Amino acid sequence: MGKVRVGIAGLDHWYAGLGAIRQLKDHPDAELVLVSHRDLERARPAIEEAGAAATSDYDEVVERDDLDLVITACTTAENTRLCCKAARSGKHIISVKPFAMNMEEAKELAVAVKEGGALFMGFECMARAGEAGVYRRWVREGRIGEPISALVLIRSTLPTQVWPGVHGRTWWLDPGKVFGGGWVDHAIYQVDALRFIFGSEVIRISGEVGNLKHRDEPLEDFGVATMVFGNGCVATLEVTWTAGPGEGISAFHIVGTEGQIVSEPTVVPGKVFLSGGGGWQEEQAPQRGRSLIDHMLDCIKGRAEPVAGFYDSYKNLEACLAFYRAARERKVVHP
5 MGKVRVGIAG LDHWYAGLGA IRQLKDHPDA ELVLVSHRDL ERARPAIEEA
55 GAAATSDYDE VVERDDLDLV ITACTTAENT RLCCKAARSG KHIISVKPFA
105 MNMEEAKELA VAVKEGGALF MGFECMARAG EAGVYRRWVR EGRIGEPISA
155 LVLIRSTLPT QVWPGVHGRT WWLDPGKVFG GGWVDHAIYQ VDALRFIFGS
205 EVIRISGEVG NLKHRDEPLE DFGVATMVFG NGCVATLEVT WTAGPGEGIS
255 AFHIVGTEGQ IVSEPTVVPG KVFLSGGGGW QEEQAPQRGR SLIDHMLDCI
305 KGRAEPVAGF YDSYKNLEAC LAFYRAARER KVVHP
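Going by my numbering, the sequence shown opens with residue 5, and the numbers climb by one from there.
Because the hints were derived from the structure by calculation, they are not lab data.
All values derive from a computational prediction rather than experimental measurement.
Treat the hints with caution; some may be incorrect.
[Claimed, not checked] Here are the simulated lysine-lysine pairs, BS3-like style, with alpha carbons at most 30 Å apart:
1. LYS29 with LYS7
2. LYS89 with LYS118
3. LYS89 with LYS7
4. LYS29 with LYS89
5. LYS319 with LYS305
6. LYS111 with LYS319
7. LYS305 with LYS7
8. LYS217 with LYS181
9. LYS305 with LYS89
10. LYS335 with LYS111
11. LYS118 with LYS7
12. LYS319 with LYS181
13. LYS181 with LYS111
14. LYS89 with LYS181
15. LYS111 with LYS89
16. LYS118 with LYS319
17. LYS181 with LYS335
18. LYS335 with LYS319
19. LYS217 with LYS335
20. LYS118 with LYS305
21. LYS111 with LYS305
22. LYS319 with LYS89
23. LYS305 with LYS29
24. LYS181 with LYS118
Start from the sequences and build out the full structure, keeping to the hints where you can.
This is how it looks when you write it as structure tokens:
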């Protein structure tokens, strides 16, 4: 086949959407045809610089019959409807995360994806080709024995950039546009990574959410979850919007019966530490690997098998929604 023809629906998730525009400009395997955004005055220069047409109509993108791939960077509240239209017409999809507001929407999209028979990948699966894939291989090679637990810590700032360098009220802060705040914003990536590394699903979850710093925000700025996986692994995920400017921090630990994998990229960038056999060794941090867009293009052209699919995004969403229910009802929930 020739170049894959691509459209982008929305630039609300601007760092995903603008990143996709930059990546697709002059891409050897793809042609960026059409990009939509509600604020065309702001978005048009970036769109036209990439050689694509610009529109403010998100539906125009998913309804085009000459596109092979649709990338959604719209709000979560708009996403399911747009993806259903794209899926039913057989278009491949790379979706914004979270891809739905609730499991009813998720089930509706599941039907559409099955009917259309095309590929679907969520942006939250992007680490599978990079660090998560390396950690999965190390675990399977037995470098830390049997995995037993994990710790994830991410503290970031309140998302107030509506566009690069432009501050205001963003859709990430609006409960009408996304179901959760500081926890799901980055935890959904980690849920996918842990599912992938452990090769197991979340079977029960509990936790707490709250507004510990930004007390007037309608969505939480703090969340901590305890997740138990089917293989017995227990993971703690503390993910927040409580960091100050320039003070974001992240950590990712996998603990096994015979060692540990420790990544602290904010404190020790470019390094990962492994223990086992009575001591620690230093490794170069895994590279991000091929981007999700490049991987999707490889799959469309028959050069690769998908590293993730709709099932993965469905299970990631299911676990995240179960966490919010557990925190709200103060009980253990089984997704």
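### Task
Give me the numbers of the hints this structure contradicts, sorted from smallest to largest.
none
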